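Q: First to last, the sequence lines map onto chains S and D. Quick note, our numbering runs 633 ahead of the 1-based positions in the first sequence. Quick note, our numbering runs 47 ahead of the 1-based positions in the second sequence.
FYI, nobody ran anything at the bench for these hints, they're computed from the structure. Here the structure is a predicted model, which means the values were calculated and not measured. Treat the hints with care, as some may be off.
Reference listing, derived: stretches of chain S covered by chain D, where coverage requires no fewer than 3 residues with Cβ under 8 Å from a Cβ of chain D [claimed, not checked]:
hint, region
1, 659-669
2, 676-688
3, 694-703
4, 713-723
Output of the computed footprint for chain S on chain D, the stretches with three or more beta carbons under 8 Å from beta carbons of chain S [to be verified]:
hint, region
5, 200-209
6, 256-263
Here a beta-carbon is modelled for each residue, glycine too, at the ideal position from N, C-alpha and C.
Chain residues, written in single-letter form:
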Amino acid sequence: MSGHISPKSTYYTIFGALMACTTLTVIAAFIDLPANLNFPVALGIAIFKATLVVLFFMHVKYGSRLTKLIAGVAFFFLGILLSLTMADYLSRGWFTAPNGSTAPGAIVSLSPKPQPVPPTEPAQNTSPK
Amino acid sequence: MPDGAIAAHDEHGHPHHPALQHHFEDLEQQHEASTLGMWLFLVTEVMFFGGLILAYTLYRIWYPVAWALGSDELNIYLGGFNTVVLIGSSLTMALGVRAAQTGQQRATVGWLLFTIALGLTFLVVKFFEYREKFEKFHVPGPNFRFEGPESPHVQIFFSLYFALTGVHALHMIIGVGLMSVLTTMAYRKRFSPEWYTPVELAGLYWHFVDIVWIFLFPLLYLVDRSHHII
Chain S
634 MSGHISPKST YYTIFGALMA CTTLTVIAAF IDLPANLNFP VALGIAIFKA
684 TLVVLFFMHV KYGSRLTKLI AGVAFFFLGI LLSLTMADYL SRGWFTAPNG
734 STAPGAIVSL SPKPQPVPPT EPAQNTSPK
Chain D
48 MPDGAIAAHD EHGHPHHPAL QHHFEDLEQQ HEASTLGMWL FLVTEVMFFG
98 GLILAYTLYR IWYPVAWALG SDELNIYLGG FNTVVLIGSS LTMALGVRAA
148 QTGQQRATVG WLLFTIALGL TFLVVKFFEY REKFEKFHVP GPNFRFEGPE
198 SPHVQIFFSL YFALTGVHAL HMIIGVGLMS VLTTMAYRKR FSPEWYTPVE
248 LAGLYWHFVD IVWIFLFPLL YLVDRSHHII
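Given only the sequences and the hints, what does the whole structure look like? Please build it.
A: What follows is the structure in structure tokens.
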């Protein structure tokens, strides 16, 4: 069988890189990074580590194009799951005003002019029942 | 018609490997098909954990304070130790697959046993972490206790902590079971450089479980450590 046999040194190198990245992610977590960058940095390091494992430990680097496609499909679908769900949840409560203004705190009405309640109408009539 | 199939093979004149199934051209094609099938299974596993990660991300965006408080309760030393253990077990697994590829039967058994030992180490550490959660009443449910106004949201954090690490630990237990079977097969000299597919596929599974933990460690243990020094 013509399976690719990596030299042992490759595995030890990847292991060393994974250990270094683990140390890096712990150190980065204890530093207060500006602009809430802690979460993206931690995620970025994890994605890099996962890529190393997939390519070298799981032999995808030496696999057929079909294997590469299937492996890529997993993360493609994961991306759809996360991005579309987040696009829904995180955009709830957003207002789109007719004139395009979405400044925070702005009172937005979908009708062109708010209809004032006629002053002659008694308040009791507007209540239910 | 098994008799006809055997006869057809015999007509070619060259005996084939006992592990080769009759619907494949050769061992290479069979190995390729097996690898592809394993990867398809791993795609479903990615989606399985992806759903939990999605729930985690959404609640983290909604309740960032509760996430910071809950994460600080986790033991970063045990979590970090387990990360090293699991990445180490991925190394021993990769070396085990390599030993099977090169036909080193004794080395294959050795690396697989090493991998099992590291997997069990991980599970034992996880047991002590869980026990601490029970002692501190941090297990979600009627007995959950957490001081402060964020308590209900911290309970959501711990629910996801137990869901994610619990399902991961279950995968580890299944993995250790697989390794035990493989070790027995390797000990009985069932593998050769021509056919080592089960070792390779179990390796894919083990590395996948490792990848899950690579994400779980920063997501659960390192949420907001910069503001709360240990």
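Q: All hints are to be evaluated individually against the structure, with a verdict given for each.
A: Hints versus structure:
no.	hint	verdict
1	659-669	holds (count 6)
2	676-688	holds (count 7)
3	694-703	holds (count 5)
4	713-723	holds (count 6)
5	200-209	violated (count 0)
6	256-263	holds (count 4)
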